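Enquirer: Letter by letter, the chains look like this.
There are 2 protein chains.
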Amino acid sequence: MEKADRRFSVVRNRGGIVREQPLVWREEVSPGDKESVHRICELSGFFSAEEVDMAVELVEERLAKGVASGYHFLFAQHGDTVLGFACYGPIAGTESSWDLYWMAVEEKRRGQGLGRKLAAEVERRTRLFGGRRLYAWTSSRDQYHPTRKFYERLGYSHEATLRDYYKPGEHLVIYVKQLPGTPHSP
Amino acid sequence: MEKADRRFSVVRNRGGIVREQPLVWREEVSPGDKESVHRICELSGFFSAEEVDMAVELVEERLAKGVASGYHFLFAQHGDTVLGFACYGPIAGTESSWDLYWMAVEEKRRGQGLGRKLAAEVERRTRLFGGRRLYAWTSSRDQYHPTRKFYERLGYSHEATLRDYYKPGEHLVIYVKQLPGTPHSP
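Here the protein sequences come in this chain order: A and B. Numbering-wise (this note's numbering), the first sequence opens with residue 57 and increments by one. Numbering-wise (this note's numbering), the second sequence opens with residue 57 and increments by one.
This is chain A alone, in the form it adopts within the complex:
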């Protein structure tokens, strides 16, 4: 079923050139997204089993409490096939700070601009919700070097480092991006 979806997501034009279908954005969260998020996190090649479980828990929290959970999701799809997702939301107790809790795309999609498009969509939606600062936490581990470079290219700036946060020698690195105000909330 999923394989079929993925096959249909690629359109061969007359010249035989592979052309991608346009991306579809989806905000609604359904129980099936526990599986999508699990799959994408695993296919990203980035996360430990414990971290994958944490991502799935965000979905469960959202399913249980709705928007009151504080977790917004955004799924990037070709047809029904999820290629990547982001989880973000307002930080309770702050006026307009938002957190990009999680973002993952399939490893094979990397380098195709999907992560950049996903981040841009999250920023756009955060701005519309009134968010003015978007935080992204990541690790100082070598494995996350591409992640840190990714955020820097997107205009995030390094705000703080919490030494040995994850474990001795592995620090928490906090990035933040200031979002411009909307015309109605300058």
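A hint or two may mislead.
[Claimed, not checked] Ranges of calculated distance between the beta carbons of each label pair, as one might list FRET restraints: (1) B:Arg82 / A:Arg219: 44 to 52 Å; (2) B:Leu210 / A:Glu83: 21 to 29 Å; (3) B:Glu91 / A:Leu79: 45 to 53 Å; (4) B:Arg95 / A:Ala148: 17 to 25 Å.
[Claimed, not checked] Think about it this way: if two alpha-carbon atoms lie no more than 20 Å apart in a straight line, the pair counts; the simulated SDA-like pairs of lysine to any residue are: (5) B:Lys121 / A:Ser125; (6) B:Lys223 / A:Phe185; (7) B:Lys233 / A:Thr217.
Derived from the structure by calculation, the hints contain no laboratory data. Because the structure is a prediction, the values reported are computed rather than measured. For every residue, glycine included, the Cβ atom is placed at its ideal position computed from N, Cα and C.
Place chain B on chain A using the hints.
Expert: Chain B in isolation, oriented as in the chain A frame:
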């Protein structure tokens, strides 16, 4: 009922000198603690209505999910009367970092060493659970100047400042205290 408890919590000795009962520590959380936490937060004179609600939500989360919530509570009592509490717990995804999510004591108890005793008990218990770093987040607001000084006196060090985190001009200040290992986990 509560007034009666509070009256009994003070013992007048022969010389008429007011002497406090020994503190009792309680870890178990019951539905009645929603009210205790609400009351202590209000009586602390420190928190906005929204913040008080956030503290009560921690209790609700703990009641709903037990220890799996990640929230440990510690109540400081005279008899059955709660004088202060702390909420702390392991930070998911880290090896041994813990968070002191919330701490509050009645305003009239301030300056009597209750906060210091509560913090020391939290540190002791965190260490026994294997925690090696205890984080405390607070605000840069003038109102929280005593809080920041309190942490500094207790040996917490300033780790990072996230500018404009709470709102423009109000920063997040992150403190951390390194806890010594237990004899069995050096």
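Enquirer: Next step is simple, just say for each hint if it's right about the structure.
Expert: Hints, verified against the model:
1. The hinted window of 44 to 52 Å between Arg82 of chain B and Arg219 of chain A is violated, with their beta carbons roughly 34 Å apart.
2. Leu210 of chain B and Glu83 of chain A have their C-beta atoms about 44 Å apart, which leaves the hinted 21 to 29 Å range violated.
3. Restraint check, Glu91 of chain B to Leu79 of chain A: a C-beta distance of roughly 49 Å satisfies the suggested window 45 to 53 Å.
4. At about 21 Å, the beta-carbon gap between Arg95 of chain B and Ala148 of chain A stays in the expected band of 17 to 25 Å.
5. Annotation: proposed proximity of Lys121 of chain B to Ser125 of chain A holds, straight-line Cα distance about 15 Å (limit 20 Å).
6. A distance of roughly 15 Å separates the Cα atoms of Lys223 of chain B and Phe185 of chain A; the hinted pair therefore holds under the 20 Å criterion.
7. Simply put, Lys233 of chain B and Thr217 of chain A have alpha-carbon atoms about 15 Å apart, close enough for the 20 Å limit, and the pair holds.
Figure legend: structure checked against the earlier numbered hints; hints not met, in rising order: 1, 2.
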